[in-house]
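Protein chains in written order, with the numbering used here: chain A, -8 to 458; chain B, 8 to 458.
Mimicking DSSO-like on lysine-lysine, the simulated pairs with C-alpha atoms at most 30 Å apart in a straight line are:
| id | chain 1 | residue 1 | chain 2 | residue 2 |
| --- | --- | --- | --- | --- |
| 1 | B | Lys56 | B | Lys366 |
| 2 | B | Lys321 | A | Lys218 |
| 3 | B | Lys321 | A | Lys213 |
| 4 | B | Lys457 | B | Lys366 |
| 5 | A | Lys213 | A | Lys373 |
| 6 | B | Lys215 | A | Lys57 |
| 7 | B | Lys399 | B | Lys90 |
| 8 | A | Lys287 | A | Lys316 |
| 9 | A | Lys79 | B | Lys215 |
| 10 | A | Lys213 | A | Lys287 |
| 11 | B | Lys321 | A | Lys287 |
| 12 | A | Lys316 | B | Lys321 |
| 13 | A | Lys218 | A | Lys287 |
| 14 | B | Lys54 | B | Lys413 |
| 15 | B | Lys413 | B | Lys56 |
| 16 | B | Lys90 | B | Lys54 |
| 17 | B | Lys90 | B | Lys55 |
| 18 | B | Lys457 | B | Lys413 |
The hints are simulated quantities; they were obtained by calculation from the structure and are not laboratory data. Just so it is clear, the structure is predicted and the values come from calculations on it, not from any experiment.
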Amino acid sequence: MTRFEYDNTVRDLLGDDTHPASALPPEEEALGFNNQASALVVSELLAEKYLTVAEDIARRAVEGDKLLALLGCDGGDCIDSFLASFGKRAWRRPLAADELERLTALYQTGHDLDPSGADLERVRDGVRLVLSALLQSPHFLYRPEFGLPETEREGAYQLGPYEIASRLSYMLWNSMPDAELFAAADEGRLGTKEDVAREARRMLSDARVRSMALNFHEQWLKLSRLKTVTKDPAVYPMFDAALKQEMRSDTLLFMDQVLFFGSGTVEEMLAGLLTQPSLLTVNASTNGSNPVTRGKFVREQLLCQILLPPPAEMEIKPPPVDATKTTRERFAQHRDDPACYVCHQLTDLIGYGFEHYDGVGQWRDTENGLPIDATGEIVDAKGIEGPFDGVTELAQKLAESSQVRDCVVLQWFRFGYGRGEIEEDEANIDDLRAAFSDAGFDVRELLVALTQTDAFLYRKPVEEDSP
Amino acid sequence: MKRRRFLQGAAGVVVGLPFLSSLSPDADAAPGPKRIVFFFTPLGTVKKKWWPLLPGGAEFAPSGSTHDAYIMNEILEPLTSMKDKLLILDGVDMQSAYEGPGDAHQLGIGHALTGVPLLEGDLFQYGCGMGTVGWGGGQSIDQRIADHVLATDLVSFGSLELGVQVDGDTVSHRINYEGPGFPIQPDNDPRSVFDRVFDHPPDFGALKVERGHVLDFVMDDYARLRSRLGGDDRYKLDGHLASVEAVAKRLDAPPIVYEGACQMPDVSGAPVDHMENEDMPAIGSLQMDLLSMALTCKATRVATLQWRDCFSNKTSPWLGIFDGHHQLSHTNESSVADQAKLTTIYRWYAEQFADFIGKLDAVDEGGVSALDNSLVVWCTDIAHGQSHARLKMPYVIAGTGGGYLKTGRYFDLGGESHLNLLVTLANAMGLPLTTFGMPEFCTGEIAAIKA
Chain A
-8 MTRFEYDNTV RDLLGDDTHP ASALPPEEEA LGFNNQASAL VVSELLAEKY LTVAEDIARR
52 AVEGDKLLAL LGCDGGDCID SFLASFGKRA WRRPLAADEL ERLTALYQTG HDLDPSGADL
112 ERVRDGVRLV LSALLQSPHF LYRPEFGLPE TEREGAYQLG PYEIASRLSY MLWNSMPDAE
172 LFAAADEGRL GTKEDVAREA RRMLSDARVR SMALNFHEQW LKLSRLKTVT KDPAVYPMFD
232 AALKQEMRSD TLLFMDQVLF FGSGTVEEML AGLLTQPSLL TVNASTNGSN PVTRGKFVRE
292 QLLCQILLPP PAEMEIKPPP VDATKTTRER FAQHRDDPAC YVCHQLTDLI GYGFEHYDGV
352 GQWRDTENGL PIDATGEIVD AKGIEGPFDG VTELAQKLAE SSQVRDCVVL QWFRFGYGRG
412 EIEEDEANID DLRAAFSDAG FDVRELLVAL TQTDAFLYRK PVEEDSP
Chain B
8 MKRRRFLQGA AGVVVGLPFL SSLSPDADAA PGPKRIVFFF TPLGTVKKKW WPLLPGGAEF
68 APSGSTHDAY IMNEILEPLT SMKDKLLILD GVDMQSAYEG PGDAHQLGIG HALTGVPLLE
128 GDLFQYGCGM GTVGWGGGQS IDQRIADHVL ATDLVSFGSL ELGVQVDGDT VSHRINYEGP
188 GFPIQPDNDP RSVFDRVFDH PPDFGALKVE RGHVLDFVMD DYARLRSRLG GDDRYKLDGH
248 LASVEAVAKR LDAPPIVYEG ACQMPDVSGA PVDHMENEDM PAIGSLQMDL LSMALTCKAT
308 RVATLQWRDC FSNKTSPWLG IFDGHHQLSH TNESSVADQA KLTTIYRWYA EQFADFIGKL
368 DAVDEGGVSA LDNSLVVWCT DIAHGQSHAR LKMPYVIAGT GGGYLKTGRY FDLGGESHLN
428 LLVTLANAMG LPLTTFGMPE FCTGEIAAIK A
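Produce the entire structure from the sequences given, and follow the hints as far as they go.
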């Protein structure tokens, strides 16, 4: 569970909106996202933080009148039913009899910590210990999935209703299932693809999906880098923390508008994305624009291409600021050296399209008194190769690119499933591309399609222990 | 050797380690617990400004040799007054860091303390070059030593890993490993370090009892679930369980006794955002205060202080440098202005190193200082930014490890494997090793640097 998911989950579970997970260390990161299961491990530091954070949440949850509201009854009378109902919400599935027994024993231990205490205080201690333990359990922090043994198909098992409910809620909301999802699981209404699609569509109209998308966009567009970006104050004296914050929220708001109040399409997204000051700032130098890093961003994040960086021995350094030249003229040295140009034609020629925007995204008609030339060219990108002039034309070209659309599918696949694609996913990815295309490249439909693949509905059997 | 056997034989009851020296016939036995700290700074150095010079200011002739008479060069100049307590090592090669997957930096940081190939996998793309790689492939030497310390001594923390603006969470950002594929993240937040190590609430006794009950339940959960899982999932859950067990075990460790040099540090002035680029000097200073106090108070004996990371392109505004460090490190040796900036950055790190060892040296432990009983090992991921070479690595070791090493010397070891250095350090810490990491690159202890 990531910090974002943790905060959302305790909010939905206990109404605790204090963002307790901000005390946890950052997640290990892979493929550009912080929710990739194979990269995440729990160090001693994290285990310790899980302990102290859980203690704090538990303490807050049973404070004063909150205890009785949580229990839903007057005292110790309903502990058994509380443990069963709360345990089910915390672990996102009904608890087994032996699990309830152990939980009851822990409650009793807490209840008996201070035998001289008042009755209510003893209940409070018992519930507090139970909450703390539930929140540190692997059944809370992970999503253990076993599938339904009777559904074995070519070595894969269909997931059970509670497992599907959790997959849906964590993918679309980055949080725990709501009451309706629990009810659907209880009543066996998550057994078919149609069931799952119906729930997914319902969930897409809930505000929680917007905060999930915000989390995705922040990572996909690498907006968190904005936080640590510095600029040379001699060149950009106005660049401060407040401006950074504004840039970040502007971009997130723009993506939110397109996705949930606009057409949701890649085309609409690209039309406004490329001129976002946040991106122009992060992908620039400390003292000016930078066609290389801007072109690199387009190649890597929008086209999902892996670029070959310079050989280790080669010197990489932007040409020094020269008050008699434009940035474009300075970077022309790459063209003069064939060893550089073989790769730099990929980045620089796209990056030149952004030259009307300086290192913090401000428009300029001239640079050092010289007119801006924002013509560029796309090379080595199937179907959209050729010249363009400025960002608008670049965005139009990218919007028509199958490579960009496939890249959006891939980014959502990795984030939505919390893992990288493997060979066996070829059919899943083909299905996703087809559904995306049928929907006119509306990302909302891609989200529904993500719940319809075998990769989402099935799991592999337990692997044999590797040595 | 005798002293080590005594310790092993008495495991579990050795609490008064400082008094053991009277029982030991070893002349080099030191009256304080030995500690080891890995002080990591990224991206190598500027060798021409780093290596010591002949007393007249000329460069030494290259090749394997020992020098007692030398003066400090520009980068290490801030360490001049500590010269007698330093062992400056050139000519150490990270030969293993040319084996297996990973780009130059990933190999450099990943092999620095493990000496085994990184795991194959598609988790991380190369930052330099084409390919993908997984996490580090084995336990790092600090954790191996920490296991040994935990088995022989009562300490709260087997080890502490502190970071200063380590900004990222990939294989390029990790130096410490619990085991293959199991990185240990550093704690970048001084307030968090303070809370974990020093801030015990007044009713800690009651809290300990509660925690014991809760953690028993939690550990039981992990143990039950693991038996139903396979492969990677089980491995991952085992790692989580081990982490919970370590936290639970810590409940039994003796609390810190604040007396003498051991005093509760003050973090009240800590900057609000510990990742804010321009606050790095203040954050670094706090982390060094906290770590030196944790070592002084004997809360731990093994630690890492990691400054930034190999792909850190952060700037150094407090030095008037607004170029990213990584970008600068790629510049050509003929680029005088850029090399001067790099020299300034590395010299600043030397000042931090001097500060840190100075704090330990100020702690008297019966005629010798806490630094004398320690090994503070300044290491990095590559030797040289432009070539990305993992050969002729620049090491500075402060302290003798309780008399195990002889300091006040500058060595060019002429191609000694860094794994031999790690073995020597482990032995100095009382962990008898003959080999570590890839065996083909490890021939054993480096006798020349011993006392």
